[in-house]
Amino acid sequence: MSIFVDENTRVVYQGLTGTAGRYYGLLNRDYGTQVVAGTHPRKAGSDVDGIPVFATVGDAVAATGVDASCIFVPAPGVPAAVAEAAEGGVRFIVVITEGVPMHDEARTFARLQRHHPEVRLLGPNCPGVISPGRCNIGITAGHIARPGGPVGIVSRSGTLTYQALHELAEKGIGCTTCVGIGGDPVPGTNFIDCLAAFEEDPETEAVMLIGEIGGSAEEEAAEFIAEHLSKPVVAYIAGMTAPAGKKMGHAGAIVSGGRGTAAAKVEALSAAGVRVGSNPTAAGEIMAEVVASL
Numbered sequence: 000m001s002i003f004v005d006e007n008t009r010v011v012y013q014g015l016t017g018t019a020g021r022y023y024g025l026l027n028r029d030y031g032t033q034v035v036a037g038t039h040p041r042k043a044g045s046d047v048d049g050i051p052v053f054a055t056v057g058d059a060v061a062a063t064g065v066d067a068s069c070i071f072v073p074a075p076g077v078p079a080a081v082a083e084a085a086e087g088g089v090r091f092i093v094v095i096t097e098g099v100p101m102h103d104e105a106r107t108f109a110r111l112q113r114h115h116p117e118v119r120l121l122g123p124n125c126p127g128v129i130s131p132g133r134c135n136i137g138i139t140a141g142h143i144a145r146p147g148g149p150v151g152i153v154s155r156s157g158t159l160t161y162q163a164l165h166e167l168a169e170k171g172i173g174c175t176t177c178v179g180i181g182g183d184p185v186p187g188t189n190f191i192d193c194l195a196a197f198e199e200d201p202e203t204e205a206v207m208l209i210g211e212i213g214g215s216a217e218e219e220a221a222e223f224i225a226e227h228l229s230k231p232v233v234a235y236i237a238g239m240t241a242p243a244g245k246k247m248g249h250a251g252a253i254v255s256g257g258r259g260t261a262a263a264k265v266e267a268l269s270a271a272g273v274r275v276g277s278n279p280t281a282a283g284e285i286m287a288e289v290v291a292s293l
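In numbering that gives the first Met the number 0, the protein residues as written are 0 to 293.
The hints are simulated quantities; they were obtained by calculation from the structure and are not laboratory data.
Hints may be right or wrong, so weigh each one.
[Unchecked claim] Label-pair ranges, simulated between beta-carbon atoms: (1) Leu293 to Ala54: 47 to 55 Å; (2) Arg113 to Arg274: 34 to 42 Å; (3) Gly171 to Arg106: 38 to 46 Å; (4) Arg90 to Pro146: 35 to 43 Å.
All C-beta atoms, glycine included, are put in the ideal place defined by N, C-alpha and C.
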């Protein structure tokens, strides 16, 4: 199995007619993802390499039965695009766009929780989700992901998401689903959401967690792992050498006082029984040991 998406997921690309949306929409379709629709209010009735374009997400849902959306629109348009997808009947929304203001993220997520609690939002500012060999929504290069499990991956960092997939594939280890949650301060889907889903997935036998400095998401994940996860977890935390007081990379990667440091996150995860690698390659080697012992 996989979490969140599989070979039956039908996807609409909001922004399919744009340069990036077209590139990744067609790339994902070529991978085997059911990219069956795009939207643009002024281009309804046209198509992008055979993919029909509709005026609204609601029209796309009615005509094609899409149940997931991938959003490639400029940051100011993201809140409206998410609302359109949710109101149109989509239940899984992936926002690739970066640069969405934190207050817009918070308001958008709050509106979803209040009016559409059944909808899952992934992102903004994330690479998306891939269930190798089944479905790829977003910007992850499908060729670096080995299908077949038994490892699930959840990561705050886009680049390290790709490296985690590569490290495992180099060792002949497949992945059930890899979820890039993004590193913004208000992610629609967090570590705990993914850990809980992996715990329920019978094909996922171990989990790799990629974190980074800033915030408390990794410490909260450690508490959840200690209390609720029966499967082994291997982690890597980026930012061990980050200078104090400096913002590093993502807007969420801000260390305040003693909170959010890499050392504090490693300590919390280790106390929860998680094996933490000193670098991405070391984490991959540890996971290889774990898989061999399953």
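Hints, one by one, checked against the model:
no. : hint                         : in the structure
1   : Leu293 to Ala54: 47 to 55 Å  : holds, 49 Å
2   : Arg113 to Arg274: 34 to 42 Å : holds, 39 Å
3   : Gly171 to Arg106: 38 to 46 Å : holds, 45 Å
4   : Arg90 to Pro146: 35 to 43 Å  : violated, 24 Å
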